[in-house]
Amino acid sequence: MRPAAGTAAAATADAADGIAADGLHLWRGDTHVLQGVSLHVRAGECLQVTGANGSGKTTLLRALCALVPLEAGRVCWRGCDVHLDPLAFRGELAYLGHDNGLKGDLTAAENLHYAVGLRRRVTRDESGAALERCGVPALRGVPVRRLSAGQRRRVALARVLLSGASLWLLDEPGSNLDAAGSALLSELLAAHAQAGGVSLVATHQALELPADAQRRATLQALSLTVAPVMA
Amino acid sequence: MAWVWFHKFGSPPHFYRLARRLTPWLGWPALLLGLAGLIGGLVFAPPDYQQGDGFRIIYVHAPAAWLSLMVYSVMAGSAAVGLIWRMNVAHAVAASCAPIGASFTALALVTGMLWGRPMWGTYWEWDPRLTSELLLLFLYLGYMGLRNAIDDIARADRASAVLAIVGVVNVPIIHYSVIWWNSLHQAPSVMKIGRPSMPASMLVPLLLMLAAFTLYFGALVLTRARGEVLRRERHARWMIEALGASAGGAGAGSLAAHAAPARGTP
Amino acid sequence: MSEARTGFLAAALLLAARDLRLALRRAGDSLLPLGFFLVITTLFPLALEPSLSLLRDIAPAALWVGALLSSLLALDLLFRDDGQDGTLEQLALCAHPFAGMLLAKTAVHWCLTGLPLVLVAPLAAGALGAPYAAMPGILAAVLLGTMALSLIGAVGAGLTLTLRRNGSLLALLVLPLAVPVLIFGARATALSIAGASPAAPLYLLAALAVLAATLAPWALAAAVRIGLE
Chain A
1 MRPAAGTAAA
11 ATADAADGIA
21 ADGLHLWRGD
31 THVLQGVSLH
41 VRAGECLQVT
51 GANGSGKTTL
61 LRALCALVPL
71 EAGRVCWRGC
81 DVHLDPLAFR
91 GELAYLGHDN
101 GLKGDLTAAE
111 NLHYAVGLRR
121 RVTRDESGAA
131 LERCGVPALR
141 GVPVRRLSAG
151 QRRRVALARV
161 LLSGASLWLL
171 DEPGSNLDAA
181 GSALLSELLA
191 AHAQAGGVSL
201 VATHQALELP
211 ADAQRRATLQ
221 ALSLTVAPVM
231 A
Chain B
1 MAWVWFHKFG
11 SPPHFYRLAR
21 RLTPWLGWPA
31 LLLGLAGLIG
41 GLVFAPPDYQ
51 QGDGFRIIYV
61 HAPAAWLSLM
71 VYSVMAGSAA
81 VGLIWRMNVA
91 HAVAASCAPI
101 GASFTALALV
111 TGMLWGRPMW
121 GTYWEWDPRL
131 TSELLLLFLY
141 LGYMGLRNAI
151 DDIARADRAS
161 AVLAIVGVVN
171 VPIIHYSVIW
181 WNSLHQAPSV
191 MKIGRPSMPA
201 SMLVPLLLML
211 AAFTLYFGAL
221 VLTRARGEVL
231 RRERHARWMI
241 EALGASAGGA
251 GAGSLAAHAA
261 PARGTP
Chain C
1 MSEARTGFLA
11 AALLLAARDL
21 RLALRRAGDS
31 LLPLGFFLVI
41 TTLFPLALEP
51 SLSLLRDIAP
61 AALWVGALLS
71 SLLALDLLFR
81 DDGQDGTLEQ
91 LALCAHPFAG
101 MLLAKTAVHW
111 CLTGLPLVLV
121 APLAAGALGA
131 PYAAMPGILA
141 AVLLGTMALS
151 LIGAVGAGLT
161 LTLRRNGSLL
171 ALLVLPLAVP
181 VLIFGARATA
191 LSIAGASPAA
201 PLYLLAALAV
211 LAATLAPWAL
221 AAAVRIGLE
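Chains as they are written, first to last, in our numbering: chain A, 1 to 231; chain B, 1 to 266; chain C, 1 to 229.
This is chain A alone, in the form it adopts within the complex (with noise of 0.2 Å):
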C-alpha cells in the first residue's frame, strides 16, 4: 500500500475540492483488494485507474460511490465526508458500470427521461442533444435492446453526459466502442474537464487527455501509485 509521496501534503493542502479518499480498505472474500488507498482528484482533473484484470479498478469506483462498503477509510467530496450527507453526495455523482443502466424495452430517449429525470427534468430537445453529441441522434426512438453493444454504450454516455453530474465515475467506458467512440469519450472527458468536473476512469486502454487535465494512476496488484503524466 503505497500512496504517491506528494498526495499526502496535497490532499491536506486544498481538500475542499473534488473527491479525496484516505486509507481505503477492502476485503473481497478473502483478498484484500484495496490496501490503504489513498487519492484526490481535483476539479479540472481526470484520473485514470489503470491495472490488469482482477486489481480492483472496479471496486474501487464501486467503493467512492458507496456501493461497496468500506472496511476502513474515508472519502470525502469537496471537503466532507460523504457519509454525512449521502444524498448530497449522490446527486452530484454519476456511475457507469458494467452495465450500461438502460432498459432494454424502453427507446433511448425514453431511457434518458426517465433515468436523468431522477434527478432533474430534461426536455426532448436536451435529451435529442445529447443523443446526437454522442453520435447516435437516429436511434432516439429505437427500444435499447435492438442497439448493438456499442450502441448501447453511446446512449449510456449520452446518460452520463445529460444528467450534469459534477463527478463522473466511468468503469471501463470504452468497452464496446470503436475507434470513434473512444474519440468521442476523450472529447466528453476532456470538455467536462474544462467544465470543471471531475471524472475518474477505470480502463486498461489509456485514453488521449490534455496533458494539464490528466494524472494516470496505475492499480497494480492492491496498490495503487500515482504517476504526473509525461507531457
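I should point out that these hints are in silico values taken from the structure, not numbers from a laboratory. Some clues are possibly wrong.
[Said to hold, decoys possible] Using C-beta positions, here's what the derived DEER-type ranges look like: (1) C:D57 to B:A200: 44 to 54 Å; (2) A:N176 to B:L22: 38 to 48 Å; (3) C:S197 to A:A88: 29 to 39 Å; (4) A:G23 to B:R231: 19 to 29 Å; (5) C:Q84 to B:W28: 50 to 60 Å; (6) B:I39 to C:G100: 34 to 44 Å; (7) A:A88 to B:F6: 29 to 39 Å; (8) A:H204 to C:E229: 20 to 30 Å; (9) B:R21 to C:Q84: 47 to 57 Å; (10) A:G73 to C:G167: 34 to 44 Å; (11) A:G23 to B:F6: 16 to 26 Å; (12) B:L22 to C:L32: 52 to 62 Å; (13) A:D30 to B:H14: 31 to 41 Å; (14) A:L87 to B:F6: 29 to 39 Å.
Glycine is no exception: its CB is placed at the ideal position from the N, C-alpha and C atoms.
On the provided structure of chain A, position chains B and C as indicated by the hints.
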C-alpha cells in the same frame, strides 16, 4: 468504559481467548445442574394426578422450547450488533447460533410429539405451541439456507443479519397469530408470575433444567463461535502465530510469510 | 440547461410511470401470476369433489394458498430485470432515499400483480361456492393481504437478488413470514362465507399491512444494497 470493553470483546484474538477460558465455566455447571434437574424431575417429583408419569418429558421439552426462542433472539441480537458495529465476531456468533437453535427446535418438536402421543392419542395435533415451533424451525432453516447460498462470507453475514432481524420482529407475530388460530394446548404453566400452577417439587427441577440448558447453550455457542472465528481468521497474523507456535518451525516460517492484517481488526 | 432538481415525490412517480410503461410493453408477464392463481383454484375442486357445499368449506384455504403461491411467483418480476441491466444500481445511486424508491417500485408491483388478484378473488370464491354476500369481506381481505404479501415478499426478493434462480429458497424465506397473513386472511374469508362479520381478522390484517408498509422499506433497502455489492 463499557464501550472499550465492548470493542475489545469484538476483537477476534481477544474473543478467541476469552471463549476458551469461559467454556468450562459454563459446561461443567451445565452438566451438574442438568443431573440435578433430571434426578429431581425423574425421581423426586410426584406423578401428575392427570397425566401420571407421562408429564416428565416436560423436563426436556419445556427447556428446549424456551431455548429455541432464546437462541433466535441471541442470533438476531448478535447479527444486529455485527451489522451496526461491523464486528466480525458478532457475525460469527450469529452463524454459530443457527444450527444450535435449529437443533433445540427439533428437539422441542420431537419431545412435544412424544408427549402428545400418550396425552392426545396422536403424535401431531396442530396445537399452537408445536405449530409455532415448526414455523420457527422453518425460519432457522431459511436463515441457514440463505447463508449457505451466498458465497462471499461478508455478504452472507450481512444478508442473513437482515433476515434474522426481520425474523425476530415476526416471531412474536407468528406466535400469537398461531395461538389465536387454535386454542387447544394447555396454558403455559411455568411462566405465570406469582402463582405457578405447579408445586415446588415439580417446578424446581424444571427451573434447574432450564438453567442447565441455557448454560449448555452458552458453552456450545462459544465453542462453535471459536471454530467460526478460526475459519474466518485463518489468514490473520495472530492466528498464524498462535498456531505456528504449536505447529513447530518448518510450517510456521512459510505461513508467517503470508500473514496479513486481518479484516475487522484495528 | 434547466437545473430544477426533481423532488422525492416527483421522482417516485416518475419511477412508477417507468415501471408501468415497461409492464404494459410486456403485458403477458404481469398476468402470469393471475393465471397461476386461477389454475391453483381450479386444482382444489379437481382434487376433491365438485360438490359446492364441500368446496365452500375449503374455499378460504384454496383462495389463500393460491394467493400466497402466486404472489411468490410474481416476486420474480420485481427486481430481476432491474438487477440484471444495472438500473437497480442506478436507483441506489440516485439522490433520493433508496427505501422510498423501492417502496414506490413495490407499490407498482402490487398494482400489477396483486390488484388483479383482488379483482378476481371474489369470482374464484364464487366458483368455490361462496355466497354473494361474502364478496365484500373477501375483497377487503384479499386487498389487505396481497399488500402485506407484496411487501414481505419484496424483502425476500431483495435478499435473494443475486442468487441462482432458486425459487425454493425464496419460498422458504417468505412463506413462514407470511403465515400470519394467511391465518387472518383465511379466517376473514371463512367468516364472510359463513355470514358472520369478518371485522376482527380484517383489523388484524390491516395492522399487518401497516406494519409491513412501515418496516419493510428499510429492510428492503438494506437487503437490496447487500445484493448490489
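Consistency of the hints with the structure:
no.	hint	verdict
1	C:D57 to B:A200: 44 to 54 Å	holds (48 Å)
2	A:N176 to B:L22: 38 to 48 Å	violated (58 Å)
3	C:S197 to A:A88: 29 to 39 Å	violated (52 Å)
4	A:G23 to B:R231: 19 to 29 Å	holds (28 Å)
5	C:Q84 to B:W28: 50 to 60 Å	holds (55 Å)
6	B:I39 to C:G100: 34 to 44 Å	violated (60 Å)
7	A:A88 to B:F6: 29 to 39 Å	holds (32 Å)
8	A:H204 to C:E229: 20 to 30 Å	holds (23 Å)
9	B:R21 to C:Q84: 47 to 57 Å	holds (50 Å)
10	A:G73 to C:G167: 34 to 44 Å	holds (39 Å)
11	A:G23 to B:F6: 16 to 26 Å	holds (24 Å)
12	B:L22 to C:L32: 52 to 62 Å	holds (55 Å)
13	A:D30 to B:H14: 31 to 41 Å	violated (22 Å)
14	A:L87 to B:F6: 29 to 39 Å	holds (30 Å)
In terms of the numbered hints stated before, the structure departs from hints 2, 3, 6, 13, listed from lowest to highest.
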